[in-house]
Every structure is written in C-alpha cells, then in structure tokens.
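Number of protein chains: 2
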Amino acid sequence: MVWPETTKHVAQIMKYADENGIPVVPRGAGTGMSGGAVPLGGSMVLSMEKMNRLLELDTGNLTVLVEPGIINGRLQREVEEHGFFYPPDPASMNFCTIGGNVAENAGGPRALKYGVTRDYVMQIEAVLPGGDIVNLGVRTHKGVVGYDIVRLLVGSEGTLAVATKIRLKLLPLPEDVVTLLCLFTDLEAAGMAVSRIVSAKIVPRTLEFMDREAIKAVEKFNPLGLADDVEALLLIEVDGHAETIKKEAGKVADICMKLGADARMAEDDAARNRLWECRRRVSPSLYHLCPRKMSEDIVVPRDMIPQMLTSLRRISEDTGVRLVNYGHAGDGNIHVNLMVDRTDEEEYKKADAAVREIFKVTLGLGGTISGEHGVGITKAPYIGMEVKQRELGLMKGIKNLFDPKNILNPGKIFP
Amino acid sequence: MVWPETTKHVAQIMKYADENGIPVVPRGAGTGMSGGAVPLGGSMVLSMEKMNRLLELDTGNLTVLVEPGIINGRLQREVEEHGFFYPPDPASMNFCTIGGNVAENAGGPRALKYGVTRDYVMQIEAVLPGGDIVNLGVRTHKGVVGYDIVRLLVGSEGTLAVATKIRLKLLPLPEDVVTLLCLFTDLEAAGMAVSRIVSAKIVPRTLEFMDREAIKAVEKFNPLGLADDVEALLLIEVDGHAETIKKEAGKVADICMKLGADARMAEDDAARNRLWECRRRVSPSLYHLCPRKMSEDIVVPRDMIPQMLTSLRRISEDTGVRLVNYGHAGDGNIHVNLMVDRTDEEEYKKADAAVREIFKVTLGLGGTISGEHGVGITKAPYIGMEVKQRELGLMKGIKNLFDPKNILNPGKIFP
Numbered sequence: 001m002v003w004p005e006t007t008k009h010v011a012q013i014m015k016y017a018d019e020n021g022i023p024v025v026p027r028g029a030g031t032g033m034s035g036g037a038v039p040l041g042g043s044m045v046l047s048m049e050k051m052n053r054l055l056e057l058d059t060g061n062l063t064v065l066v067e068p069g070i071i072n073g074r075l076q077r078e079v080e081e082h083g084f085f086y087p088p089d090p091a092s093m094n095f096c097t098i099g100g101n102v103a104e105n106a107g108g109p110r111a112l113k114y115g116v117t118r119d120y121v122m123q124i125e126a127v128l129p130g131g132d133i134v135n136l137g138v139r140t141h142k143g144v145v146g147y148d149i150v151r152l153l154v155g156s157e158g159t160l161a162v163a164t165k166i167r168l169k170l171l172p173l174p175e176d177v178v179t180l181l182c183l184f185t186d187l188e189a190a191g192m193a194v195s196r197i198v199s200a201k202i203v204p205r206t207l208e209f210m211d212r213e214a215i216k217a218v219e220k221f222n223p224l225g226l227a228d229d230v231e232a233l234l235l236i237e238v239d240g241h242a243e244t245i246k247k248e249a250g251k252v253a254d255i256c257m258k259l260g261a262d263a264r265m266a267e268d269d270a271a272r273n274r275l276w277e278c279r280r281r282v283s284p285s286l287y288h289l290c291p292r293k294m295s296e297d298i299v300v301p302r303d304m305i306p307q308m309l310t311s312l313r314r315i316s317e318d319t320g321v322r323l324v325n326y327g328h329a330g331d332g333n334i335h336v337n338l339m340v341d342r343t344d345e346e347e348y349k350k351a352d353a354a355v356r357e358i359f360k361v362t363l364g365l366g367g368t369i370s371g372e373h374g375v376g377i378t379k380a381p382y383i384g385m386e387v388k389q390r391e392l393g394l395m396k397g398i399k400n401l402f403d404p405k406n407i408l409n410p411g412k413i414f415p
Numbered sequence: 001m002v003w004p005e006t007t008k009h010v011a012q013i014m015k016y017a018d019e020n021g022i023p024v025v026p027r028g029a030g031t032g033m034s035g036g037a038v039p040l041g042g043s044m045v046l047s048m049e050k051m052n053r054l055l056e057l058d059t060g061n062l063t064v065l066v067e068p069g070i071i072n073g074r075l076q077r078e079v080e081e082h083g084f085f086y087p088p089d090p091a092s093m094n095f096c097t098i099g100g101n102v103a104e105n106a107g108g109p110r111a112l113k114y115g116v117t118r119d120y121v122m123q124i125e126a127v128l129p130g131g132d133i134v135n136l137g138v139r140t141h142k143g144v145v146g147y148d149i150v151r152l153l154v155g156s157e158g159t160l161a162v163a164t165k166i167r168l169k170l171l172p173l174p175e176d177v178v179t180l181l182c183l184f185t186d187l188e189a190a191g192m193a194v195s196r197i198v199s200a201k202i203v204p205r206t207l208e209f210m211d212r213e214a215i216k217a218v219e220k221f222n223p224l225g226l227a228d229d230v231e232a233l234l235l236i237e238v239d240g241h242a243e244t245i246k247k248e249a250g251k252v253a254d255i256c257m258k259l260g261a262d263a264r265m266a267e268d269d270a271a272r273n274r275l276w277e278c279r280r281r282v283s284p285s286l287y288h289l290c291p292r293k294m295s296e297d298i299v300v301p302r303d304m305i306p307q308m309l310t311s312l313r314r315i316s317e318d319t320g321v322r323l324v325n326y327g328h329a330g331d332g333n334i335h336v337n338l339m340v341d342r343t344d345e346e347e348y349k350k351a352d353a354a355v356r357e358i359f360k361v362t363l364g365l366g367g368t369i370s371g372e373h374g375v376g377i378t379k380a381p382y383i384g385m386e387v388k389q390r391e392l393g394l395m396k397g398i399k400n401l402f403d404p405k406n407i408l409n410p411g412k413i414f415p
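Protein sequences appear in the order of chains A and B.
For the first sequence, the positions run 1 to 415 when this note's numbering is used.
For the second sequence, the positions run 1 to 415 when this note's numbering is used.
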C-alpha cells in the first residue's frame, strides 16, 4: 500500500509498477458497492487519501479544482459557504472521495434533476500506466477539440488512468428546498406516483423510494414511528425559488394523496434532516441485518417502475430469496438487496438465479444492470447480459490502448 | 454520393467501402463551420438526409428516438407540441441535422443554462467501419456498465462511426421566457456585464453578444434602427416560472444599466423573434459582406471575456486584420470572424498570423480554440497548440481502434 502526496509521486509509482509488472489498484475511501477498489491477489493499493486538497475555488467562473482524495461532503460544505452547489450526493457522501466518485460516475438522490458526476467533470489531470502525466478536458463550459477523453475516464473504474487533479463545474446554490414524505399502504400506488409526477412535467430534485422491508430495517435502528401498514414511502424534494417551490410541492402532494398516500411536509431543517437520516441509514441497517447480503443497482425507464416492483415481488416468491428494495425511483434506479449469505454456497446459488432473473426482466424493460455502482468485481460475471460482444470488444480495445500491460486495476469490469 | 434509407443500407455501404478501400464522409446538412462534412479527394459522401424520421416520442420517460437526418428545428417543434423541450439550438437549427449536431457536439445560445448536444445523447445505434452495427448507451437516465462510448462518439466529427439512430433526453418545456436587449456604448462594459451577471448567481438561458461590426453587418440587411454609437449589445433570456423570471430579468437589467446600458424588454413573441432574427442573421450577413472570411470559435473562462475583447482589438490593430466578434458570451464563447479573403495568399498569411496570436492569448487565459464548431479541416493545423503529443496519441489510438484502415472521414481533426 502506498500513499502518494503529489502527482509526481503517482507518476513515479506508476513507472515503478510498470517496470516491475506489479498491478496497481487506485483507491479513494473504499466505499464503492461493486468492489472496484478491492485489490485482487498481488496488487499494490494506491491510496489517494493524502491528496485531499481543495486547490482553487474559481468563483468568477463557477468551477472548483480539487485533488481526488477530497471527501464529497467536505467539498459540498466548502462550496456552499460561498453560495455554490455541487449536486452529486451519493449516500456515502460523508465518507466517499471525489476521485472514487469520478471512477464510478457516482450518482445519488439529486441525480434526477441535476445529473451524475459525469455532468460535472470538466478537466482531469491523470497519470497513465507507465507514468506519463496527461491533461484532459477544458476549464471552460464548452470545448470540442479532439475526442472526449475526460468522459471516457469518468466511470472507467480506475482501469484506464489515475486522476490526480479534477476540475468540477459548480452551480449557484438553490434559493430554497421543500421536503415531502409520502406514505403509501399500497406498493404499486407508490410506483404509479413516481410515474405520474414525472409525466406532470415536474422535476423534483429527489424522488426517493423505500419499500416496507427497507422501512422496517431502518425503524429497528432509527425509529420514525411509521405505521405498520405502510408498504412504501417516497421522499421527495423540490428546490428553486421560494415563491414557486411551495406550489410545486403542493402539486406533488396532490398526486400522491389522490393515490391514497399520507403526505407530510418537512417545515424546517431539523425535520428535513430527520427524514433524510432515515433514507441514509437504509444501506448500513441492511448490512447490520445481513452482513453478507448482495446489493444490486438496476435501472428501468421511469414509467416501468410499477411493473418492475411487481416483478421483483414475483421473483422473490419464486426463488425464496428475501428482497429489500429502495433507491432513486425518479431515475428508475432501484437498489435491490438480496438478503442472503453470499458465502454460503447453497444460498449463493439461489441468489445468483434470482439476480439473473432480475437482470433479465430489467433488460427486457429497456433498463440497465447498474445505474451508479459500476461493474467492478461483483457485476463482471453479468456484463455480457447487457453489453454485446462487438461493443465489449471496443471497450477492451480501449483498455488495451491505455494499459497494454494490464497493470491498472486488473480483473475489474471485464469477465 | 449515396443516400441510405435504413441502418442495413449504411452497413452494406460501410462494408463495401471497407472491402474496396474507399474513404467515406458522413454528411448531415453540411452546415458545419470547420469542414467536417467536406469530402476530400476520392471520398464517397454518405448523405443521411433520407434517414430523417422521428421514430418514437417516449412521453412517460422524456426521451425521443430519431434518425440522424432529422432537422434540429423540426425536432424542436414536434416535441414542443407535446410540452417537451430539446434545448440545443445551433444558429443553423432550421437547416442542420441532429446527426451533424451529435458529430460536432453542437452548442447554441441556450448552452449556457442547458448544456450542449453531449448532455442530451443517451443512446446511439451506429455502424462501424467494416459494417458492424453496434448499440451503445442506455435508454435510462443513469447507467454505468462499461466505458462511455456514447460520449466518445459525440464530437468525434464522423471519424469513428456512423450514427443511424439517436435517443435524446428531453426536458419539460419552461413555463415562460423573458428576452432583454441591452445596448452598450462601451465594449468593455458589455464584457463586464457578462461577468457580473454570472457572479450574481443568475443563470440566464442565453447571454449573447454582438460587437459594433457585427451589429453594422446585420443592420445593413435587416435594420433594427440601433444608434450609431452602440459598441456592443447583449441579448439575454431568462426562462422558468412566470412568477420568478420577471424578477430575475429585472436584476439582469439593473446590472446592465449600472454599467451604462440601455435595456429593452421584449414584451411579446413578435418582438422576441425580431430580436433573435438580428442575432441569427449575423453569420449569413458576414458571409455576404466577405464570402471567404475565416471564422473562429474560441472560448475563454467567462470572467476573462473583458480581457479577451481588449486583446482582440489589439490583435486587429497590430495585424491590420478586420475582426468582427459575436457569440455566446455567457459561455465565454466568442465567434471571431477574420474579414479576409482566405484564398488570397497575402491576406491568408496575415490572417493565419492573427489566428495564431488569438489562439495563443485564448489558451493563455485558460481557454480552448473551439467551443462548438469542432476541428474538422480548418482547425486541424492548430490542434497541436492546445492538445499535447501524448494526449493526441491517445486520440489517434482510439481512431485506429475504431477505424484501422482510416476509411471514415480521413484528413479531419488530426493534422
């Protein structure tokens, strides 16, 4: 394990690794969900945690230059103090690093309105396998000179290059936010609400979903006192000008109430934080209940959410695997948790069959097998279900172009 | 010249071209500004104009699937009828095709708030050199399975693959728009206004700029009756909820008036269209005045606009080349027109020296030599000023991976 402090260190390490044929695994905080930062046999771990500075806040041009080891939540707080806004907010935002976010193209609840990490990366300084330092992208909001290598690196899961500096786009901080909690006694009604809100041409900044099992898991550790007959909840936020968002929130509440929901509005920051705490604790609570569970990250077109939820219930019944679902319903992104012990051979076999069936239905509805967690190790065996041979061949060709000796994060993405 | 009507036709043509070593130049409407669609010696032109259908408007999921030959303006009108919005609006929107927009990563006035073509492309069906058909990207708003080849194709200027189907993201149509025309008697004050509006955390949807020479050129063909002492104008639009945009427009007008501007608000669609007509006619008017002019497309960080305008004036005086400037000031994107006859050897030499000086200053301010026009033929000799050897090597490697025989649009981008 090495802890570089400068770009030059990273270049020296990459040169050494290249000359000695040692695989290198770049690592931020290790919070990723698909094993991208997990070293496989004989690898050197390149921890970026000491390269964690905010180098330049460019207030005149709404950009910020950071080192990859900076924590997402720290960056958010620092720019918010100046009235700026960095939207991508993965649930692990208080621990995960921007470098890891870039490697995985991290999303988060606000992706619905504001997009994902990819939409904010303007420039990357990176070290290539072999040790060459490259500067990619532009610091302006437009630029079309040559191929877009910046966005090729975003989401490449540390397999093509090691980012050493990252320039991100910022937005002005929205004036105000309204948070709504809507409780449904019927699961499909919650799915329907998502689809109706989107069709009503309202773009909330978040539209989060938790099913009964997810709620129960959180209630165990962080009780909100929700009624036992709640089958699903939606946590919805609209932001923008104070004058208009109350009206928008009212429209959202109307849609949910017409579908039988009980809607509550968070009136202050304390109430808002309490609602969000519930959402943020889902993942840790589920690990607490079932430490070796499997976590999937499917996405379907947003209007297919009700159909997908019905299919998940059927697959759970058919395979006998307990499923807990939550996620970013507004994006069609559902985190499906298989509550099994994946180290138990019997259970793993059953779970694998369930996963394959879930992916089959997802892809049949026009979806994808990973919305924001990446492929890493855990989804590599399934990538062929979504990406065909010729397309995969192009990706492998790109990998080979950047990393002909297969030094950088080998064994990830490609089966 | 061939006019395919289906993906299969394109695949057959590409296979034939590959087997016979015939270079292929994909072409939309040929409105590009850097020569990307211009065939060089011995090429077959692959016109996409007959593949111009809108295949599917997915209202539940806010996407639209089109063939590449569809005209941008037609697509905009068709989706607007259903209350949706496709923001990218190059000045040539009534003639240019979506396929060409994707190839060049086209921008336009609304890029300031809404981003460029890249930000709207979700899926591409494409034919590779050799004739293989590939399907890239996802139809959902998130997806991180494998490398992002979709965004590698966007802006690749027809050198990697031929798009045959394109799925685009749509937004809800904004409720209302206010248009402001601000006239300045001082050029630097106009540049300052741009920077102050951005710093005030207002994001107009457009913030267009024209200097005195550009205004004079348009006045000749489409008189608006602007006073002779107007040195620059800003055409500014804010959109959103009716209640809030009047207030925002008021703030923008205040900023401009404090810098000595005369501000006029367009009260209705007719007035708005008249103002825009003036902006849209700049480029044709300049060609009318000087048919063999050279057009540049620089971008600087937005707060460097005043400094860049001062430098352009100096370069014009130093080199004796008449410059006319207009463009998307909010993005820092200035279309610099060199009013020379580029076929005259003497004039070209002077102009080339001016261009190199303009690019040097632009890059020194942290800018780029092309914001939305691409590299094509005209900027290929200068690409080395911005992109270094190692980075260019990666791009050439990607070109070689997709197109090992250099069949597709050879002679473009790379010098």
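Keep in mind the hints are simulated off the structure, nothing from the lab.
Some hints here could point you the wrong way.
Identical copies carry no separate label here, and so any pair may be met within one copy or between two of them.
Distance condition first, Cα-Cα at most 20 Å in a straight line; then the derived EDC-like pairs of lysine to aspartate or glutamate [stated by the list, open to error]: (1) K216 - D352; (2) K258 - E5; (3) K251 - D176; (4) K246 - E175; (5) K220 - D352; (6) K405 - E81; (7) K258 - E231; (8) K247 - D176; (9) K247 - E175; (10) K165 - D352; (11) K169 - D58; (12) K15 - E391.
Quick rundown of the hints versus the structure:
In the homo-oligomer, the alpha carbons of K216 and D352 never lie at most 20 Å apart, since the shortest distance is 25 Å inside one protomer and 70 Å across protomers. Taking identical chains as interchangeable, the C-alpha atoms of K258 and E5 are never at most 20 Å apart, the minima being 56 Å within one chain and 47 Å between chains. With identical chains, the CA atoms of K251 and D176 are at most 20 Å apart both within one copy (17 Å) and between copies (19 Å). For a Cα distance limit of 20 Å, the shortest separation of K246 from E175 qualifies both inside one copy, at 12 Å, and across copies, at 16 Å.
In the homo-oligomer, the alpha carbons of K220 and D352 never lie at most 20 Å apart, since the shortest distance is 28 Å inside one protomer and 72 Å across protomers. Within a single copy, K405 and E81 get their C-alpha atoms no closer than 45 Å, and across copies no closer than 54 Å, so neither meets the 20 Å cut-off. In this assembly of identical chains, the alpha carbons of K258 and E231 lie at most 20 Å apart only when taken from the same copy (16 Å versus 57 Å across copies). For the homomeric pair K247 and D176, the shortest alpha-carbon distances inside one copy (13 Å) and between copies (16 Å) are both at most 20 Å.
Taking the shortest alpha-carbon separations for K247 and E175, both the intra-copy value of 15 Å and the inter-copy value of 14 Å come in at or below 20 Å. Proximity of K165 and D352 under a CA criterion of 20 Å is satisfied in neither setting, with 39 Å inside one chain copy and 34 Å between copies. Taking CA atoms no more than 20 Å apart as the test, K169 paired with D58 passes inside one copy only; the shortest distance there is 10 Å, against 30 Å between copies. In the homo-oligomer, the alpha carbons of K15 and E391 lie at most 20 Å apart only across protomers (18 Å), although the nearest pairing inside one protomer, at 31 Å, exceeds that limit.
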